[in-house]
Each structure stands twice: as C-alpha cells, then as structure tokens.
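Engineer: All chains should be built: construct the whole structure from the sequences, respecting the hints.
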Amino acid sequence: MRFLIKAFSFLFVTTVLVGCNGNGKVEYIPVQDFFGKPDRFNFRVSPDGRHIAYLGLEDHCRNIFVLDIEEPDSSKQLTYQNNMNVQYFFWIGKDSIVFSNTQSHQDSLRLFTIDIHHEVAQPLFAPAKHELSWLNPLRSRDGALLAEMNIRDSSVFDLYRVPLDGSGPKLIELNPGNISSWYASADGKVRLALTSDSVEDQLLYREQEGDPYHKVVETDFATTILPLGPVRDDHGAVFAMSNVGRDKLAIVKLDLRTGREELVAENKYVDMNREGYSFSREEMVYTTGLLNKKETRILNKDFKKIYSKITNKFDGYNIDIIDTDSAFNTVLFKTYTDVDPGGIYYYSKKKDKIVELSVINPALNGKRLAPMEEVSFDSRDGKTIKGYLTYPLVKKDSYPVVVLIHDGPNRRDVWGFNAEVQFLANRGYAVFQVNYRGSVGYGKEFYTAGFKQWGGEIQNDISDGVAWLIHQGIADKNKIAIMGTGFGGYSALYAACFNPTLYKCAISASGYTNLFTYLKEIPPYYQPYLQLYYNIIGDPTKEYELFKATSPLFHAEKVRMPILMFHGGRDRFNSLTDVNQFVQKVKNNNVPVRYVFKEDEGRRFKKDENVIEYYQMIEQFLKEQL
Amino acid sequence: MGNFGLQYRKNLGLLITFLVLVTVLFVTSAFFARKMTTNFVETEFSNKKVEVFDEFIKPFNDFFTSKVPEISYYQGYIDSAQAAEFSNTVLRRYPFVSNVNFSDVVFTNRDTLGKGLRFNNLGISLRNSYIFKLDAENRFIGVHQSSEDYKNYAEDFNNMMLKLAGFLDRVSDSTKLTDNDIYKVFYTLQPGKISYLNIPRMSDIMAYKSMMRFEDLPKSDYEQDLFVFAIEPRKMAILNKYPNLYEDIVIKPIVDQYVVKNAAYLSTELALPGALSDYKLQFEASREFIQHDINRRFFPVVVGLSLIYLILLMVGYLVYRNVMINSRLYQLQYDFINNLTHEFKTPVSVIKIAGNNIKSADKLSDTERNMYGRILDQEADKLNALMNKLLSFAQIENKSIKFNGEYIELNEFCQHIFDATHIKYPDLQLNYKIDVKDEMYADPVLLTSVFQNLIDNAYKYSAPDRKVLDIRVQQNKKNFVILFKDRGIGIDKKEFNSIFKKFYRVKNQFNQQGSIGLGLAFCKEITAFMGGDIKVDSQMNVGTVFTLSFPVEVKKA
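Heads up: the sequence lines are chains A and B, in that order. Going by numbering that gives the first Met the number 0, the first sequence opens with residue 0, and the numbers climb by one from there. Going by numbering that gives the first Met the number 0, the second sequence opens with residue 0, and the numbers climb by one from there.
Simulated from the structure, these hints should not be mistaken for lab results. Treat each hint with caution, since some may be false.
[To be verified] Simulated crosslink set (EDC-like; lysine to aspartate or glutamate; CA at most 20 Å straight-line):
#1 A:Lys169 to A:Asp152
#2 B:Lys218 to A:Glu130
#3 B:Lys476 to B:Asp532
#4 B:Lys208 to A:Asp152
#5 B:Lys432 to B:Asp418
#6 A:Lys451 to A:Glu199
#7 A:Lys541 to B:Glu84
#8 B:Lys208 to A:Glu520
#9 B:Lys162 to B:Asp103
#10 B:Lys477 to B:Glu408
#11 B:Lys218 to A:Asp196
#12 A:Lys478 to A:Glu618
#13 A:Lys547 to B:Glu84
#14 A:Lys597 to B:Asp172
#15 A:Lys541 to B:Asp220
#16 A:Lys586 to B:Glu69
#17 B:Lys47 to B:Glu408
#18 B:Lys66 to A:Glu556
#19 B:Lys388 to B:Asp442
Structural biologist: So this is what it looks like as structure tokens:
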C-alpha cells in the first residue's frame, strides 16, 4: 500500500514537472483554480504597528483575527460569529477595533467596538435602519468618531459624533441639503465641506466650527477636486486630487484660504492614483500613476529605505502598499504581476524581515500564465486608445479573440493579474481589453469624450480596436467574440444588434438591455445624481430618440449572432421583463440564445458554484462558436 | 371424374355472374364514397375554421403580445410626443385599433393631488391625457383631453389603479413578477378595450409600496404611462384560407338579437378571445356551395372507381374472347381430324378394294391390270401428297425448313409451271403476262408450291364452264407483284381473315372432300417465310384475286 502511494506520488510529481516544463503544451487549468477566493483578507495594521488584524473564515463566516507581530503565539481569533459575516472593520486605537455586521444596503446598521485584549464586543448604538459613512481619520478622538448619517431624512446625510461608549450618536451639524461630504481636520474639527448638485461642485471652508462657510473652488461635473486629508500643522490646507485647470488628475496641496494649488505630483499621460496619503502622518508618503506598469514615487525618506528593500526582493513586481502605521514599524503590501496573482506580505522594521501573510490564488502557484501587454491604436477620429492584449501561450499565426469590455464606463482595465483574462487565455483565446473613451485614468478630456456616446463613439473605439487587431494579423477575423459585464454586457448586446459581421458571438453578463430602465434605477429624490446621469448618458425625456437608438431591447430583431446571456435576479439596472422580452424577440428570429437566470445573484455572480457554472458555460459557448 | 366429358366447355353463366358482381360492387362503392366525401367535407367545415381563426387573430396577437409590451420599454418616460409617435404606428399598422388614449400618470407621496386616487400616502394622479386616432382621410389626430372629456376614461384609470393598489398590498421584497401577475395587474381586458400600464421595475414597485405605507419618506414623483386602446374587431381582416369550404366568414356581435331568417345550410362559429370577446367569427356555406365542394372532391374518386370497373370489364371481355377463340380452335382441330381421317380412308379403301379385286380375280386382262395399276398408283400418290403436305406444313410451323434462296428468272420459272399446269388441267384456260426486269430472290421449291396451291384453288373453286385464271407478274419500284385472278365462286368478305388460318375451310359445294384447310395457311406461312406477303380480294360469284408481293431488294440473312 505504501509503495503504491509512493509510486503514485512520484508519478504525480513527474507529470506536474513535465506539465510545467513542456513548452509545446499548455497545461489545462480548471475553472475553479482561477476564481478561488482567498481565505484571509482585509489586512490592517494597528496604529502602533504591533498587530495586524484581518478577516478570515471560521464557522463559514467572516471573523476578525489578530496577528501579534512581536509575539506570534498570542495571535488569536477576535470575533466568534457563526451566523453573520463581519463586513468591515478598522482600528480606532492601538487596542480597539470597530466592526460592522451590516450585510447589505437594505439591512439595518449594526456596529460594534471590540477590545483586542478583552474580546468583548459593545454595540456603538442600537441597530438602526439608516445608512452611515465614516469620516477620516478613522481614529478615536475624545472617545468618539465622526460620521455622516441619514437619520433625519433618508435622502439627506447630517454630521454626527458617534461616542464609542455606546451612548448613541450626537448631531453636530445639519445638512442644509446640498452638502455631499464633510472633511475633518487633524484636530477633529470639521472645517471643510463639499457641496454638490452633481453638475456643479463647491468646496467650502471655514476657519472655525460655527463660522459660516465660504467658497474655495467651484467645479463643473467633469472636473474633480477631491480632498485627501489635512496637511500637518496647517488647518488651512489639505492634500487633494485635482484636475482644476488641467486635464489629468494631479496631487496638490490646496490652500483653503486662497484656493491656490501647489503641485505635489502629476503625470503627463495619466491621472494620479488616489493613494499615498497617510492620515497618521498627515503627509503624502508616496504617489503612484498607472502607466504601462505602475509608477511609484516615494516622497518620504524613511519610507524610501523600506520600499527599496521591498523592491529588491520583488523585482519586476507591481507593489501596492496596503497599510502602515505612522512610524513605518510594519508595512503591509501586496505584490503581483500579469502572470502572478502574487501575495500579501508585511515588512517588520524591528526584525527587518519580509513575511508572507497570504498567497492570492494559491491554486495557480507555479502555473504558466499568459503575459499581458499594453497596446495602443488610433480610433477613426484620431484619438489614441490604449488597451491590453493577452496572447495565449500556444503561439499561432492568428488567434481567436475574446474582446473583453470593462464595466463602467467610468472604470478602466489595468495591467496586472486578471483571473478572467487568464482563464480565457488558458483556453486558447487572445484577450483584448480596450480602455475606450469614457474610461477613467486618462484625463478629463478623454473621460468626458465618452459622455452620451454609449453605443456611439465608445462602441466605435471598440470596433476600431478589433479592426486594428485584424489588420495587424493578430486576430482571426472569423473568430472574434465580444464579452463583458454590466456596461461591457451592454456593449456586447449592442454589438450583437449593430455589428453583425465583426463578431461571431456575444456574451453578456447583466448587460443593460434598456437604457430607460437603467436610468430608472436612480430614485427620483436623487435629483442631483439624475442630472449627472443625464449628462453622461442622456436625458430620457428630451433625448428619447437617442435612448431608443442605443437600447438593445428596441433592436432585438436585428440580432443574428448567437448570444449567451446571464442575468441575476437582484440586478437592479435591468428589469426581468425587459430581459425576457429581449430574449424572446431574439429567439423568435431563430437565433440561438442561451439565457441563464440566477434569481439570488446580483449584477456579478458571487456564489462559488454560480461563478464556476458561469465560466464553464462561457468556455463551452466559446468552444462551440469559435 | 369420369362424368366430366372431355369436350371443351364454355360457361357463360360464370362470366355473367362476374359482370353482375363487379357492377354491384361499383355501384355500392360509389355510393359509400359519396357518403364519405360528404362527411369529410362537413367535418372539414367545422375543423378548418381554427386555421382561419389562427390566421385572423395573428395581427391581434402580434399587437397584444409584442407591440403593447413595448410601452414598458420606455419605463414611464413617454411624453405626449412619443405617445403620438407610438400611437401613430399602432393605428396605422393595426387597423382594428380605433383610437388610443394615453395618460401620463404620476405616483407621488406629496399631498397635492389633481384628479386621481389616493391609497394611504400614495397618490396616483393623472397629469395629462391625450386621445389619438385617424380621421376619415387617414390623417393622424391627437387631442389633449380636458378633465370633462376624461370622464369617459376615468373608469379604466380607476380600475387599473385599484388593481395595482391591491397588488402593492400583497407584494413583498421576495416577490417575483410572474407572467401571471403581469397579465392580471398591468393589463385590463374588456370587450372592445385593452388598458395597459407600463410595468415598473420591481424596485419601483417596492418604492410605491413603501410610499403607500410610510408617511415620512422623501417626497418623490414617479411617472408611469397608461394606454387604453379601443378595439374594433369588425375592422380586422379576414383571410378565407378555404374559399372552397366557407362561402362567407363574418364578424358578428356575440349577442345577436335578430332571429336568422334564412339560416345557412352549414354554419359554425368561434367566439373571439379577450378584448374581442363581444364578437364572434361566423362561418357559413349554402347547400349548393357545399354540394359543389363535395362534387369537386368526389369527382376524382368516382373517376378512379370507374377506371377500376372498366379494367374489370376489360378482363371479363378478354376472358370471354379467349374462351371463344379456344373453342373455335378446338372445333377446327376436331374437323381436321375428321377430314383427315376421311382423306386417308378414301385412298386406303380404294387401294384395299383394288387389292381385293386383284386377289380375287382369276385372271387379269391387260386393261384391268392397267386400270388397277393406275388406281393403286394414283391413290398411293394421293396419300403421299397428303403426307408431304402435312409434313412440310409441320416443318414450316416448327421453322425446321431451310431457306435455299437463289435468283430466279421469273419468265423461265413461270413457263415451267404453266406448261405443267396445261398438262395437269387441260380444261383450265390460263392467261399470263410477265413483265419484270430483275431476277427475284426466293426458294424455287417453296415458290413452286405456292404457285401450285393457288392454281389448284383457282381450278377447284371455279364452275366447270368458268375455269379461267389470269396471272400477272409485275415489278414496281419496291416489289415484285404476282396476281392470280380467277372467275370462281368468290369468297365472302367476312372470311378474308379466316381463310389463311389452319384447318379453316370455307363451307361450299366444292370442298366437300379432298380439302383439309391447309393450302392457303401453307401459302401464307411460306410467303411470310420468304419475306413476302399475300393478300386476297374477292367478290362473291365474280371471282377472287390473290396478290403475292416480294421485295425487290432482299436482305440476305
């Protein structure tokens, strides 16, 4: 028996080795290996850098665990919930944590504080049916935290102080109706507020609480000014992201009294990322920008030494700093590349050591994955559009291509490990991702160019990208599929209606079938938001011709290519009646439609078995069609 | 067994029975076929209406299942301009929609409420209402409705909103809009009218529900669209798919208070569904009309039956004819054997008598010896000739004879025969004329026997004072033609075909004996054998002409 096991394990090892070394044949990786979820996540460093707390699975529920860096033996599980997930948590002091049990937007608010030594959870206030958003910095000041809550009126958030002793929230400031958020200074006073009617934003400042606000800057809906946090020793200035007067978002130091900006970091080609500010140090520790790969500039000298240690160890990797304490005793970071999902590590200054915390997607460890490269092409009106192309490992003259459209449109695809892309590449398809106009990260002009261009210029960018790919001889022009979720699904359905020759088939997950319904999702009391959407998509009453022309539902009878459609019962941007009508209309033309409906899923499938089924069906469908 | 005579039997009774049976069968099957056709047509009449109905209802179903739900696509965003555009397409594409009433409905939790309903905190009010129709010249008209005008439609509005309120009452977060819910809540069907409220998204329905239940919600307005289509079923087009079955298809009110005076011979009806239910589809056909269709269908059946009947009759006739021919043949053979026996008996008995006489005579004088010698010789020749004839005929029949063809110089050949004939029949007046250029290719022995036979016949069947034979030998482009023309008793026209048959003898005074009915049959066989032809023409008591013809160009085998 033992011999047999040995023999088998030997066989197994050799096959794995052969599988790894063989260049000609690419190992077939099962679906679940791509989409495995990590069992430890949400790592946070305590303010003194001694502990790392994270969420882990215990009793099928997410619970908080605390890792003691100095004495690993005293690491422990902090919460013991067995019927409810911990949704989020944060350190409010070196020994205490606030966590939430609220399961969804509809669920009531359940917040607790817990001391990591006594392990007793105290409710912050009685469960309540309203929403809450915390104000930074998330540290206890005078035994209380600041939060915005809509207790008074569900459509208006007021400013409250939430004492940690459970005595219940205290109202500090009434919202006159137009304030969308407040920003606290380092001393816990609130001096800065952002008002918004979505078309026009105003940044308001006051010297002292109780004083009237005065306007610092005013921006239109395309321009952003986003305060990041206070500047040390200066209540009259904040670090902010701003594209006022420039195209790309830059990191600036904003003088709130004069409204003048002092440039901290910017990039000629891309927006700066919203990272690098440290609340505990009240300074910009580093700045990043996403060019082909991530570009990081370290501004803090102490941190520079630590960062170079990390880069030495992880050469060629993208590094995301997750969290650190103010003294940089412990630095949490994540590393990854396009072909390596990477892991989460911490650097301990005391031990001068990098320790692994969690491997992301261990099932893919040691597997050969397909590299991703940035491409760029010109659209028909001369705009330079960037995208990413991932070739399958098996080389060919021309590839069957899956055009993977990102959701949004106000998002973007980035360089790095992407499970969906790697899954498709492993199945032998080249994956083409397009950062079409309207995608974020490429500046104001590029973003606003996508306004009211759903199905218009946006779709043209995608089609031009595909045409370019065919022209380059990369794509096999008879084997191109278009696929996406949300907006990407909409784009796929739109292509099914209007680009019948370019694509062989279309896959839509929660693709918007009807833009009227999509806009309906914004409740009428969010008038300001509605105006913003009218600017981005269009006004359904004034521009209903545009809506009719660009909603796939009105053109279902034009579809001639096979479609695979997924729809979750809780997807609020699509109505079931619309989707059913669409499917029925397409079916009436004898066009093959495979339609999968999961009642208890939302816009993106979450349950493991549904995710696996989702990708298995995609695999099957693409195999049949390409 | 022994009782059955071996004579040939003709049973005409059997044939007659067969005929009668076949006829009876024909008549009854025709009768039943007719009956079945009638049944079939009547069943078709009541069954095929469904197909006509399906075709008829198609545009309505299309309107109801495809066009009406399109309203929901707009999610309540329809304003008067869009409504006009939508109504225009509907009115033009579906002529049975006589007008469209569009109402912009507002769901609100504000206190201000125009005309409308209120359920707890949820107010449902009418903001605007339009009526769209086509005028007599097919121009599209839209009229804004004042509140006075609207009274006509208040009932539809109220009904719809009551239903919706009831639905809001029982709906919960986990409710899924089923097709049944949609049909029951958002459609209202009344005879002549379809009301449709655009189907909101589930989250909107939940919002309405909370607006209804809770007071302190943010004030909001939701827009919905209500359409009321007036339906006039009589404007629906009827396509008579079976013009042979249905003489007339009409749309009639379901309640018909007029008593039908002249009811149609056949009629059937179908009630119309849903919004059309105050009308029915009536199918009618008169007796003549349906008769015509029955006949049309019956015709091929009866033709088929008749054909079978005719074939059976034909079979009967053929059987009859065979029986008759066989019976004649049997008779002929019987006669032949009788004749032959007689033919053989005479010379044999003469020989026997002559032998006896010689035996019993003490002394024979020279004259007597000569006489008996001549008699014996003659009778032996007769027997020999008879046997030769039989043998050669049998040979011809079996095709065992050989064709020894050679080129015959006809002048010389005829001269030989005529010289011999002079000697044989000194009392026969023989006239001949030979006019040929080429030599004829034939078997001289066989040709001689044909000549001999025809000359013998001419001599035999002529009265003693009219024994005249004219022989002409001619040549035309294709054929040698030899005519034998006598002035004998002639042959009846009816027997022209029969005389060339074996054992057939024309009954007359000249062939009481010494004939076995083979001569002409023999001639015909031989001429055919040599590639020629023999024909007869005759007039009773005037004379007979036999015509032999042989081709000039002979294909040698």
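Engineer: Each hint should be assessed against the structure and marked as holding or not.
Structural biologist: These are the hints, each one checked on the structure:
no. : hint                 : in the structure
1   : A:Lys169 to A:Asp152 : holds (16 Å)
2   : B:Lys218 to A:Glu130 : holds (19 Å)
3   : B:Lys476 to B:Asp532 : holds (16 Å)
4   : B:Lys208 to A:Asp152 : holds (18 Å)
5   : B:Lys432 to B:Asp418 : holds (14 Å)
6   : A:Lys451 to A:Glu199 : holds (18 Å)
7   : A:Lys541 to B:Glu84  : holds (14 Å)
8   : B:Lys208 to A:Glu520 : holds (16 Å)
9   : B:Lys162 to B:Asp103 : holds (18 Å)
10  : B:Lys477 to B:Glu408 : holds (17 Å)
11  : B:Lys218 to A:Asp196 : holds (18 Å)
12  : A:Lys478 to A:Glu618 : holds (14 Å)
13  : A:Lys547 to B:Glu84  : holds (13 Å)
14  : A:Lys597 to B:Asp172 : holds (16 Å)
15  : A:Lys541 to B:Asp220 : holds (18 Å)
16  : A:Lys586 to B:Glu69  : holds (17 Å)
17  : B:Lys47 to B:Glu408  : violated (87 Å)
18  : B:Lys66 to A:Glu556  : holds (13 Å)
19  : B:Lys388 to B:Asp442 : holds (17 Å)
Comparing the model with each numbered hint stated earlier shows that hint 17 is the single one that does not hold.
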